[in-house]
Amino acid sequence: MQRIIFISITGLLIFSLISCSQQQPAQPIEKVNEFFISQADSLDYTIGLLANADAASSPEELKKYFAKARHHFKKIESLVVFYFPEENERINGPALLKTEEYDDKVLIPTGFQVIEEDLYAGVIQRDTLQQNVLALKAILNNLKYTVRSNALNNANVFESIRLEILTIMSLGISGFDSPVSFQTIAEAKSSLRGVETILSCYSDQASDNVSLQRRMEKIFQSAYSYLDTQQDFDSFNRAVFIRQYLNPLSSAVYEYQQALKIPNNKWISAVKMDKPLFFSADVFDVNFFSPAYNRNLKPEVARLGKMLFFDPVLSGNNTRACASCHSPSKAFSDGAIKSIAFNSSHEVLRNAPTLINSAYQKSQFWDQRVHFIEDQVTDVMSNPNEMHGDVEASSRKIAMNKEYVDMFKKAFGDSVVIDKRSIQTSLAAYIRTLSGLNSRFDQYMRGEQAILSEDEVSGFNLFMGKAKCATCHFLPLFNGSVPPQYTETESEVLGVPAMADTIHAVADTDLGKYNAYTRKLYQHAFKTPTVRNAALTAPYMHNGVFKTLEEVMDFYNRGGGAGIGVQLFNQTLPSDKLNLTKKEQRQIIAFIHTLTDTTGLTQVPSSLPKFNNAALDKRKVAGDY
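Numbered by mature numbering (1 follows the signal peptide of the UniProt record, and there is no 0), the letters in the sequence shown go through residues -26 to -1, 1 to 599 in order.
None of these hints come from the bench; they were simulated from the model.
Here are the simulated DSSO-like cross-link-like pairs (lysine-lysine), alpha carbons at most 30 angstroms apart as the crow flies:
#	residue 1	residue 2
1	Lys37	Lys551
2	Lys42	Lys72
3	Lys163	Lys37
4	Lys440	Lys42
5	Lys304	Lys272
6	Lys246	Lys442
7	Lys376	Lys272
These numbers come from a predicted model, not from an experiment.
Required output: the full structure, derived from the provided sequences and hints.
What follows is the structure in structure tokens.
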């Protein structure tokens, strides 16, 4: 009897996998909904097989059930991530303890990545595995019923598809959510099959665009064939896969949506849906990362902010400017281990990071103590070790300068009040113009004339694969802002040493994010910075401990702090050695050099507004440093 039931259920599962085009509800969105429901049911059922496996089941049988469940999930990952992001985190988030900035409760990880560690970490502890599988089963059971009451619409479906392509290229093929079993290639295929099935639900409404449908079908089939040739995680050529398959697919889906006359959503999102490629120089919308009161500003606001950025009038002694520690010639960093303090007698606490692309983050400072650039600006201005200024006093000085008054009026209108708000708004607007997403790498990925050497391409593939760099520095921003929705910028505990000593290493005493939020898990946690322009921004890490990229690569290759004897209870960086050869490390560094882009960002004002005051008019552009 049990065998008959199993065969019947298996038949139902096979039927649920049939293309949407062979099921005929009235509208495409209904077909998508049926597919979503059927796959959610299949996912729930398959994880149930793992939950019900008896003690006689071999490890290989358990892994087989796990893999089947993963493939069902990947087919609807696009919809789960878009409609149920919190559930997605519980289903497929990292196997790491987590806490919230304003809540000291520790969140225990659940889901596939926890179970993956149970299955692939040597001897399987059956009780622990069973407990974790049942926890996931409960989450999936809830998802199964939630999906049934959820209303889909076409704009959301197409946005979810576009973002799934980004998810595949940024998280999927990097091994972010398959860090132990490395089933990345097979799962990428399942993700694409899910996307293809959803798109097929619209085929009847695109009968006038047969050639476009055939082009998409050809891209899918070619992508599957290519993935079939890539059997090894480390040697998988991700550059080819993205350039020749995912990018053309992204463009084709964009065209398909236009042909179907399905509009984009009107809300502000991190990724601009009117851009066909995720490597476009302007694909990210700074408004998404900005406070609501500081969006869609006139260009004159940023022009004013640029002048203020280079003017030491904002400091306590009229000699220190924002540009003092963030020099355009050094990609808006300063080249120092730690910046020189205001009185020049000592150093500030941390290294000055680049400001280029700092707009594309959900938090600022190494310790993430503020969320917006506006708050960062005023923090730095008032900090006695940095600019030692008084924003209100600076406002009064600026209000006496006719040239500045005219600039403020052009930026904000004749009724503008020169105060803390208008100053921080202007400075933040300028910093958000410091976007560098048109590097040689970006041009290469867009298929333009830019050429990467064999070593540079190999370096990219290593960065995305064997070296695991991209599991924290996410493509295409290569910072800690998590795709595809970019609602979080991550921090990591790396075990950075106090000195560049691999023999007698001790942890740096700076507790980082803990100092801002007093959460134990945040001890020694620091925001993940961008790797873009890293060739120009030495030294590295929050304390500037490493002078060269070679030293940085050696640190990671050893397994971070744990690999050199730094013992922290909460290191989030995997402590396993990467086993990168010297050649591979050089190739990764060669790739990092292709991410350099300061084009159009380095021009400095030729002069500053005059005050007709002998003391004030001695100010230097960018101040003294």
